[in-house]
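J.: One-letter residues, chain by chain:
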Amino acid sequence: MDGTPLVDALSRFARNVAKGSGSTDVLHELMAQVTELLVLCGAAVCLVDGRRLRFVSASVAFLEDLERLQERQQVGPSATAVHTRQVVSIPDLATASQAADWPDFAEAAVQAGVRAMVAVALKAEGGPIGALSLYSCQPRAWSPADLRAAILLTEVAASHLAFAKALEEQRRAGERLQEALASRIVIEQAKGVLATTHGLTIDEAFALLRKHARDRNARLRDVAAAVVDLGVRLQLSAADPAGAEDVEGNG
Amino acid sequence: MEPDDGLAGLLVDFSRTMLTEFPVQDVLDKLVTRVVDLFPVTGAGVTLLRPDLSREYVAASSAAAEQIEELQIEHREGPCRLAFMTGDAVAVPDLRAVRAYPVFGPAAMAAGTAAIFSFPLRHGAIRLGALDLSRDTPGQLTPDQLEAAQTLADVAAAYLLNAQVRSQTQQEAEAYRERALHDPLTGLANRALLFERIEHAAAQATRTDARSAVIFADLDGFKAVNDRYGHAVGDQLLVGVARRLSGVVRPGDTLARVSGDEFVVLCEGVGSPDEVMSLARRIKATFDRPFELNGLTLHMTASLGIAHSGPNLPLSGDLLREADAAMYRAKRAGGGVSQAVILTDAETAGRARFVAKPAESYTKKCSAPDPGGASPAPDPGGIHQPQAQPFQSSGC
Numbered sequence: 044m045d046g047t048p049l050v051d052a053l054s055r056f057a058r059n060v061a062k063g064s065g066s067t068d069v070l071h072e073l074m075a076q077v078t079e080l081l082v083l084c085g086a087a088v089c090l091v092d093g094r095r096l097r098f099v100s101a102s103v104a105f106l107e108d109l110e111r112l113q114e115r116q117q118v119g120p121s122a123t124a125v126h127t128r129q130v131v132s133i134p135d136l137a138t139a140s141q142a143a144d145w146p147d148f149a150e151a152a153v154q155a156g157v158r159a160m161v162a163v164a165l166k167a168e169g170g171p172i173g174a175l176s177l178y179s180c181q182p183r184a185w186s187p188a189d190l191r192a193a194i195l196l197t198e199v200a201a202s203h204l205a206f207a208k209a210l211e212e213q214r215r216a217g218e219r220l221q222e223a224l225a226s227r228i229v230i231e232q233a234k235g236v237l238a239t240t241h242g243l244t245i246d247e248a249f250a251l252l253r254k255h256a257r258d259r260n261a262r263l264r265d266v267a268a269a270v271v272d273l274g275v276r277l278q279l280s281a282a283d284p285a286g287a288e289d290v291e292g293n294g
Numbered sequence: 002m003e004p005d006d007g008l009a010g011l012l013v014d015f016s017r018t019m020l021t022e023f024p025v026q027d028v029l030d031k032l033v034t035r036v037v038d039l040f041p042v043t044g045a046g047v048t049l050l051r052p053d054l055s056r057e058y059v060a061a062s063s064a065a066a067e068q069i070e071e072l073q074i075e076h077r078e079g080p081c082r083l084a085f086m087t088g089d090a091v092a093v094p095d096l097r098a099v100r101a102y103p104v105f106g107p108a109a110m111a112a113g114t115a116a117i118f119s120f121p122l123r124h125g126a127i128r129l130g131a132l133d134l135s136r137d138t139p140g141q142l143t144p145d146q147l148e149a150a151q152t153l154a155d156v157a158a159a160y161l162l163n164a165q166v167r168s169q170t171q172q173e174a175e176a177y178r179e180r181a182l183h184d185p186l187t188g189l190a191n192r193a194l195l196f197e198r199i200e201h202a203a204a205q206a207t208r209t210d211a212r213s214a215v216i217f218a219d220l221d222g223f224k225a226v227n228d229r230y231g232h233a234v235g236d237q238l239l240v241g242v243a244r245r246l247s248g249v250v251r252p253g254d255t256l257a258r259v260s261g262d263e264f265v266v267l268c269e270g271v272g273s274p275d276e277v278m279s280l281a282r283r284i285k286a287t288f289d290r291p292f293e294l295n296g297l298t299l300h301m302t303a304s305l306g307i308a309h310s311g312p313n314l315p316l317s318g319d320l321l322r323e324a325d326a327a328m329y330r331a332k333r334a335g336g337g338v339s340q341a342v343i344l345t346d347a348e349t350a351g352r353a354r355f356v357a358k359p360a361e362s363y364t365k366k367c368s369a370p371d372p373g374g375a376s377p378a379p380d381p382g383g384i385h386q387p388q389a390q391p392f393q394s395s396g397c
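Chains as they are written, first to last, in this note's numbering: chain G, 44 to 294; chain F, 2 to 397.
Be aware that a few hints might be false.
Calculated cross-link-like contacts (lysine-lysine; reagent style DSS-like; alpha-carbon spacing at most 27 Å) [said to hold, decoys possible]: (1) G/K254 <-> G/K208; (2) G/K254 <-> F/K31; (3) F/K31 <-> G/K166; (4) G/K62 <-> G/K208; (5) G/K62 <-> F/K31; (6) G/K62 <-> G/K166.
Label pairs and their calculated CB-CB ranges [what the hints assert, rightly or not]: (7) G/K208 <-> F/Q26: 21 to 29 Å; (8) G/K208 <-> F/E57: 49 to 57 Å; (9) G/A261 <-> F/D289: 43 to 51 Å; (10) F/E22 <-> G/A261: 38 to 46 Å.
Note that these hints are calculated values from the structure, not bench results.
Since we're looking at a predicted model, the values are computed, not measured.
For every residue, glycine included, the Cβ atom is placed at its ideal position computed from N, Cα and C.
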């Protein structure tokens, strides 16, 4: 294979996942580029989930059953690629000796019209995180250039996946902080409202808010929101002095 | 060498920069250093431009290539600028033949450049800057080479955009974090940040035997100020106290406002208890001068509780609790006083002992493992010491 189509595929891939694409988009782009570049009948991706390989996505629907069979049995070309960290290249599923390791998968593949396969591990710093499988509907002697193209695209995609994951974590962290901040603001507001409506100090208002939430097994934030947004008044209990200990007694 | 091979390799290398600390610099450094081997050129430079055409970043393969970038920025003309503005590649195979750059052209030739090719770094309608390839002899690049260079510029732009998204996300999270971890009134750390720092200090302490200390400072009579003059004055007072305390803590100390009028200083990496007591004295001294607020003159004092960990004692919330308890004892002693506790090494002490002394000297507490999990009861003899006034209090 000439190098230029590979460069085109690599650059198309990079351009299509700019601006912080999520992992789903990255995987779809990987399958699309490799399918077009190597003229395949389809591609699929599975990812390591705990100790199991989980099917994630296929570029065409007819590969899904096959991938799910591999997921159930945890054996097949992708599983081998992940475990051995080697590229698995099968020129003909009907005759290949490797197929003996996963006879059910090989038989189902041939029945589905698949004849040749390649599986490449998606590698991250800590080890393989999944695999890309390439499906050909004719027997195919995969050339070194074919394999190199698959490896390079997979390598680029793995970097993008790690990036997407880091970005998603960062976004979630931001959301959690935003949520915490919103909670704190509404709690501050509720303290102010209670202090005014119930004639309490800010500390007493907070103690009342906390007691109310605890007694009802409710979140402090929800009670605070009810006080602020709905004007809910809380019951003052005489037996339970809200202010705890008066620490400013000598003032 | 097969040129496409190098190109593909460079495209793969670009992707490796995605998780580095400085992805923008890394992508552009890779681009300019590798591109000179892939094309028949003598220099490569990139200038990232802002929409107002001011410079954001410059990367270059050599000092000469950097000069080409600088000259275009300085003279506000050149192919780089044109490529950026039009979004199309600009080829100048012979600078002598071009009159479009009356200032930059001669300057570039004087600097040894004879030909220059500029490729916009673009993504859709977005343009980030341009890649300049320069030659020291006149000459054209082939259409394939021009196309390949533009591809590299576009892919670099895609990675720059990813880096941009990442830094924006980081900044947003950081802004939320800042707001979530600070007291909006005084700008000091809040309780959440204090606990985070304590956890961090605890982790450090187990590794390095560093000692830590916590000083709890509670204003005396703050409630009375609030009741008498209103919350606005109370708030101003808290801001004033925060400002004064910020001026006396050591660099690296965490100063937090944990509730109404309670301030906490977490000191990490403390050498000796004397260092902490010296800080406590400085804190006390910040109350020597009255606070002038809205024409009011408020003489304030604070009660201090000080807890200092001995070596090899893993720091935990215990230190905070001890400092808090010491502060309450100071409070009960009439306010304006300090109480100190040292938590020392469990290894050298046998069973829990507790020797309490008035402030300025220390309450020594050997924290042997306590089977009940409860804090050992303090020796009452040294706790209630109303006469203990080691730091002169001005009264309220």
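J.: Evaluate each hint against the coordinates.
T.: Consistency of the hints with the structure:
1. G/K254 <-> G/K208: violated (40 Å)
2. G/K254 <-> F/K31: violated (60 Å)
3. F/K31 <-> G/K166: holds (22 Å)
4. G/K62 <-> G/K208: holds (14 Å)
5. G/K62 <-> F/K31: Answer holds: G/K62 to F/K31 is near 20 Å, not above 27 Å.
6. G/K62 <-> G/K166: OK: G/K62 and G/K166 at ~22 Å, within 27 Å.
7. G/K208 <-> F/Q26: 21 to 29 Å: Holds: the Cβ-Cβ distance is about 23 Å, inside 21 to 29 Å.
8. G/K208 <-> F/E57: 49 to 57 Å: violated (28 Å)
9. G/A261 <-> F/D289: 43 to 51 Å: Hint holds: Cβ distance 47 Å, inside 43 to 51 Å.
10. F/E22 <-> G/A261: 38 to 46 Å: Holds, since F/E22 and G/A261 (Cβ atoms, about 43 Å apart) stay within the stated range.
Violated hints, listed in ascending order, are 1, 2, 8; each of the other numbered hints is respected by the structure.
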